[in-house]
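Number of protein chains: 4
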Amino acid sequence: MTIVKDIEWHKGMKVTELLKAIGSCGFQGVELFKAVECITKMKREGAKIYLTFTSNMATSGLRGFFAQLIKLKMADVVITTVGSIEEDIMKAMGEEFHIGNYSADDVGLHEKGMNRVGNLLIRNESYERFEAYMQEILPKLYEKKKRYSVSEMLREIGLMLNDEKSILYQAAKNNVPIFCPAITDGAFGFHLFMFQQDHKDFIVDVVEDFANLIFSSSHDEKKGIIALGGGVAKHHAILGTLLNGGADYAVYMTTAHEYSGSLSGATTREAKSWGKIKDSADAVTVIGEVSITFPLAMFTALDILSEEGLI
Amino acid sequence: MTIVKDIEWHKGMKVTELLKAIGSCGFQGVELFKAVECITKMKREGAKIYLTFTSNMATSGLRGFFAQLIKLKMADVVITTVGSIEEDIMKAMGEEFHIGNYSADDVGLHEKGMNRVGNLLIRNESYERFEAYMQEILPKLYEKKKRYSVSEMLREIGLMLNDEKSILYQAAKNNVPIFCPAITDGAFGFHLFMFQQDHKDFIVDVVEDFANLIFSSSHDEKKGIIALGGGVAKHHAILGTLLNGGADYAVYMTTAHEYSGSLSGATTREAKSWGKIKDSADAVTVIGEVSITFPLAMFTALDILSEEGLI
Amino acid sequence: MTIVKDIEWHKGMKVTELLKAIGSCGFQGVELFKAVECITKMKREGAKIYLTFTSNMATSGLRGFFAQLIKLKMADVVITTVGSIEEDIMKAMGEEFHIGNYSADDVGLHEKGMNRVGNLLIRNESYERFEAYMQEILPKLYEKKKRYSVSEMLREIGLMLNDEKSILYQAAKNNVPIFCPAITDGAFGFHLFMFQQDHKDFIVDVVEDFANLIFSSSHDEKKGIIALGGGVAKHHAILGTLLNGGADYAVYMTTAHEYSGSLSGATTREAKSWGKIKDSADAVTVIGEVSITFPLAMFTALDILSEEGLI
Amino acid sequence: MTIVKDIEWHKGMKVTELLKAIGSCGFQGVELFKAVECITKMKREGAKIYLTFTSNMATSGLRGFFAQLIKLKMADVVITTVGSIEEDIMKAMGEEFHIGNYSADDVGLHEKGMNRVGNLLIRNESYERFEAYMQEILPKLYEKKKRYSVSEMLREIGLMLNDEKSILYQAAKNNVPIFCPAITDGAFGFHLFMFQQDHKDFIVDVVEDFANLIFSSSHDEKKGIIALGGGVAKHHAILGTLLNGGADYAVYMTTAHEYSGSLSGATTREAKSWGKIKDSADAVTVIGEVSITFPLAMFTALDILSEEGLI
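Protein chains in written order, with my numbering: chain A, 31 to 341; chain B, 31 to 341; chain C, 31 to 341; chain D, 31 to 341.
Note that these hints are calculated values from the structure, not bench results.
Because the structure is a prediction, the values reported are computed rather than measured.
A portion of the hints provided could be inaccurate.
One copy or two, either will do: identical chains are not told apart, so a pair holds if it fits within one copy or between any two.
Distance condition first, Cα-Cα at most 20 Å in a straight line; then the derived SDA-like pairs of lysine to any residue [as the list claims (entries may be wrong)]:
no., residue 1, residue 2
1, 170, 225
2, 44, 334
3, 41, 339
4, 44, 337
5, 142, 31
6, 175, 185
7, 195, 40
8, 230, 177
9, 252, 310
10, 64, 75
11, 176, 232
12, 176, 241
13, 35, 130
14, 142, 33
15, 176, 231
16, 41, 340
17, 174, 185
18, 175, 186
19, 170, 123
Build the full structure now, drawing on both the sequences and the hints.
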């Protein structure tokens, strides 16, 4: 059995050193280090990695890191909600988001045209910019084809963007599909609807994208899930891998708890009852807010993998 | 200012009495009573009510209560995730779910063909029964039409079911649309995909359903949201009402917290920065698990509304 | 295995009916009903019941309910933190607390002499009244004796109060000891300190109270814990029963989670590793805010026990 | 307003670099960086620093880090619960704790004499060793004096230990008082009780320690609180500084939430209504498990302070 070790600071410590220290300290630090080990193992074993996140994470500066991870071949499939798509595009067009605070005067913000996401702020102008962009590209997409699966359409958009830090751009460049099972649940959906009003033969085919999800891996391949937060993004990754025999590796990072029975709080342990994760799988659940836990774990994993020449 | 009142038990108290007592006791009891007041006000003012819930709630016995609420005209629009649809159908076909426990042996459950959702259990047989049903009805739907919006398809299925306690059945009977923005994120999606393999002209049109969502209310109508849990269901109700000027009433019941910036934990206060909820709206956030908080609040609201002849 | 049953409302339902309904509905409702069963069993089996709560609960209207429970012989030992003592005394002197809201302007409240506890408010005047009372009674206590254990001192104070809804009053009247292991952690401590400055031989003997805790039950007696919230109150009840062989029954109601390793979030399952709760014990953990969960469960338990003639 | 910046990994990043990156990324990362700024400011301004933690943190490897912080003059006053004292002593005597897991078989652990604290394990032997030690030192303490305040007694014990990584040892060496307002709430309390049975004139004077708490700082001095977790330790620091005019700086790191009205979840914002924290104070609340958040923030603060020659 591993012994609990006292943590000690020395000047200028590296992230990897810190992670190792908290890995034998206790509680979630221990689980976080297990997450690092699970992620490095996924990569070493050549598993297909499904990375999922919720749209608030794309509101935050994790957005550029997700793009970097795709570039580094640390994600083979990306699954998210439509807010991520919208905000990635806004940022790719140069829009900037701001840091506010949790106890802001919300009525006052509304009057100033600021929209709050926790302690972050998005201006109305960013949505207007997004609208203009959608009005520009939808006709182009329509010209090419009348019927798109979601991931196909997102790939086309990614190819039109020109921002190294964009999730859509990197995904398109690196042949990583982006699945977004609830594509209409946001401003994106509204613009699709407006366009379809005048172009009834324009079809967004979510069922076809299910085929793409299934064929994104095979029974024979090893599969790993890194699910940040919950919701349909997490569930879709679980579903996609389950249909190919279940995941071999799974890291869930979440602030939700299992007592409500929600999928967002469902643990990797529960997943085994469904065969979602193989009985023998390496599986870790870390409770904590991902703007802290994910960079900490992933920076360490990247340091280790880089050392081994794997990225 | 309201005074904190000591609670006292007497024999055989009614739910409504309990709710009033905890309403001037403190903490979440106070918020729960505000939720009752907000819900009764929605109904009195003739607001269009958007009821949203996550699929684990349909796994639980809340499913029959949701059906009853639709029958009682307490929900004009229903929004949920696809697990709810699947499990409502399973139950309508006579499948039974069981109560287990949170610390079950998950590998053992998997071997026995039991799937765990918190402290509830679903047998593999229930999924097989669902599969058989889908294989039976999809050709019938296809015969009628080739292109369906999601809510239209769910309505057709509801009309074919024969269970007073079914959400789909009551929704269909009472002309209440059910929106499910991520319709493919479950077994339902898999069966749609299988069917489409041989019927390429079969289309599930999610964009058209956005039109249905927008036209489900108007700028002039009062609108209320009752969001149980978070995720796309909650977000979709907010979006649908926002596009018609924002909600006049909102009750959020959730176990999530705002510190992560997730939509699931977003409060009614934050919603005001977006105009999602009008600045002047009655809006309440109750933190707690809905299998307890929702029946407690809603039974009380129904008692009050029934007394007033409104249901 | 128990089957999940659909919940249905009918007019004028009783609390006990609601509780039974949610008891076979799912998630925390199931656990809450188990808590009812565990509590009724404690009483039927004649167990010594240790009731613990944190001081915010005495700020709320649960205070009068705790007093009622003592009167009904539903608590044989009470353990809490010193804020509960202070606020029980304030209320016994006629002070009233008010309901505010979580997102109040705290600087503004401070200027108005209002102190916030979640969504409750205590005026500075209540503390001044408490101070005057302490200055009045400490000399009286000193006259009688120079060295007090904490529970002994609280009993003396209880005998001097005259309020049926007071925890201290009912405890004193019914020979129920109140333990408060951190008696100096509040205004009470400050007044003890002021008094001791001029009366060096005045001693509050916390070690002697440990004897009282141990002798509050025996190895042979059955013992039950009802712990509301966490902290030293919960821990002290566990410790007191552990030293007499461990509890036979335990109900933990809390908003804390086990992932932090804190005692507040520690489950009844973890307690078994310590022998704090017997391996065979009936033990239930309910996650939720107690201003809702506790009255709901306890009112039901009282209805059942009253039916059986046990209270 | 600060702009949200995309995070980017590069090889071998330092903790301080990571912290700065997440500080302009969003959500709790932003708050964590504010915590770093608040801590460094406390030190720069020469504030008296009150460090509080709960006993599970001393079970973990944070124990050695707390000792190091005392040595580095980063804590002028320490407040904790008695479990910390006991476990610090056990470790000082060479006992080792182990890493287990949250879903362990607790009945099995009990049979093996292992006690679980989240995912950590303490053997029965460690408690036996502690007992032997207490039986050895209590007579020595008694020989010297008959009446001790708690902090005085802990100082005496610290002087007898010989472990650089011990909290008690470093506190004694560096004249840092350790307050433990509920000194009897643990095995320590039991041993005090056993000793007092035969030495009735042996007195642990908690009221006198209140004087020590008050005199641990003055109205004129700047005061800062670093509260890890909640409970009496956090409350006692707030109380001690409040009596001297309120804190100028406060960092609360916790997993608890304010919705329950508990002190553990009370925010620095609420504290302003009480004057616990000055209206103008720098105050930060970080939600997250401290085995991750605290080393991350404190290592960074130490790097910065070391750079400035302040430690």
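A quick look at each hint next to the structure:
no., hint, result
1, 170 x 225, "within (12 Å within a copy, 30 Å between copies)"
2, 44 x 334, "both (12 Å within a copy, 14 Å between copies)"
3, 41 x 339, "between (28 Å within a copy, 12 Å between copies)"
4, 44 x 337, "both (14 Å within a copy, 16 Å between copies)"
5, 142 x 31, "between (57 Å within a copy, 14 Å between copies)"
6, 175 x 185, "within (13 Å within a copy, 30 Å between copies)"
7, 195 x 40, "between (34 Å within a copy, 14 Å between copies)"
8, 230 x 177, "both (11 Å within a copy, 11 Å between copies)"
9, 252 x 310, "within (13 Å within a copy, 42 Å between copies)"
10, 64 x 75, "within (16 Å within a copy, 39 Å between copies)"
11, 176 x 232, "both (5 Å within a copy, 15 Å between copies)"
12, 176 x 241, "both (18 Å within a copy, 19 Å between copies)"
13, 35 x 130, "between (38 Å within a copy, 13 Å between copies)"
14, 142 x 33, "between (55 Å within a copy, 17 Å between copies)"
15, 176 x 231, "both (6 Å within a copy, 13 Å between copies)"
16, 41 x 340, "between (29 Å within a copy, 13 Å between copies)"
17, 174 x 185, "within (13 Å within a copy, 34 Å between copies)"
18, 175 x 186, "within (11 Å within a copy, 30 Å between copies)"
19, 170 x 123, "within (18 Å within a copy, 47 Å between copies)"
Consistency note: the structure conflicts with none of the earlier hints.
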